[in-house]
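The listed protein sequences derive, respectively, from chains P and Z. Every letter in the first sequence is one number past the one before it in the numbering used here, and letter 94, counting from 1, is 97. Every letter in the second sequence is one number past the one before it in the numbering used here, and letter 42, counting from 1, is 37.
Treat the hints with care, since some could be wrong.
Ranges of calculated distance between the beta carbons of each label pair, as one might list FRET restraints [stated by the list, open to error]:
| # | chain 1 | residue 1 | chain 2 | residue 2 | range |
| --- | --- | --- | --- | --- | --- |
| 1 | Z | Glu54 | P | Ile77 | 31 to 41 angstroms |
| 2 | P | Asn57 | Z | Ala67 | 35 to 45 angstroms |
| 3 | P | Ile42 | Z | Gly56 | 40 to 50 angstroms |
Counterexamples of contact, computed for chain P against chain Z with all Cβ distances above 10 angstroms [what the hints assert, rightly or not]:
| # | residue |
| --- | --- |
| 4 | Cys15 |
| 5 | Pro24 |
| 6 | Ser44 |
| 7 | Lys72 |
If we take Cβ atoms under 10 angstroms as the criterion, some of the chain P residues that face chain Z in the derived model are [as the list claims (entries may be wrong)]:
| # | residue |
| --- | --- |
| 8 | Tyr35 |
| 9 | Tyr37 |
| 10 | Pro47 |
| 11 | Tyr49 |
| 12 | Pro79 |
| 13 | His80 |
| 14 | Val88 |
| 15 | Tyr90 |
| 16 | Leu103 |
| 17 | Phe105 |
| 18 | Gly106 |
| 19 | Gly108 |
No lab work stands behind these hints, which were simulated from the structure alone. Virtual Cβ for every residue (Gly too), placed ideally from N, Cα, C.
Chain residues, written in single-letter form:
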Amino acid sequence: DAKTTQPPSMDCAEGRAANLPCNHSTISGNEYVYWYRQIHSQGPQYIIHGLKNNETNEMASLIITEDRKSSTLILPHATLRDTAVYYCIVRVWRTGANNLFFGTGTRLTVIP
Amino acid sequence: GAVVSQHPSRVICKSGTSVKIECRSLDFQATTMFWYRQFPKKSLMLMATSNEGSKATYEQGVEKDKFLINHASLTLSTLTVTSAHPEDSSFYICSASEGTDVWGLNQPQHFGDGTRLSIL
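I would like the entire structure built from these sequences, with the hints used as guidance.
Structure, rendered in structure tokens:
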């Protein structure tokens, strides 16, 4: 299974862009990169996903390098409510199901 | 958007009790649902994959007789923690995805809000 590496923690000033990096150097050609976040004591919330092209939605942008070995999640204008643990996940197909395996994530703290 | 509902949100019970947790997809059908477990300040750990109409697939180290999974319909999966003990206390979370593409890799999984289980 492709593994991901993320910094354990980051701070971001409120109103500024938060750029969360992720390394996935062993990713395979048909594996998607997914981003989720988890606010304390809640279930994970889906943010965005992509295969090779950059993606944008109402929550965030996902930038994937050309060699697909790393990606960056961008929250364009961070608010205090964006404080959470952010998980970068490479989704794999294994034994008849498409599993999400969570790593340790990045704890983002948005500072007033 | 796709909504997954989990019930109950919190359970406190005595050791030896069996506890059932329900996971429902409210506005979509899910042939596959997933059950996770999370300890304090730790990441989510996949316990099992629940398939509608067939036996669940358990991850290595997860006791299938301890954690009974039933996926009787396309919108409901249940996890029963049998004869629960204090070490089973944890945060249990389910997820489901709309399986519109064959491999399901391009379809987000949506998570419930979790069930906090406390065994006294």
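| So which of the earlier hints does this model not fit? | Hints 3, 6, 12 and 13 contradicted; others consistent.
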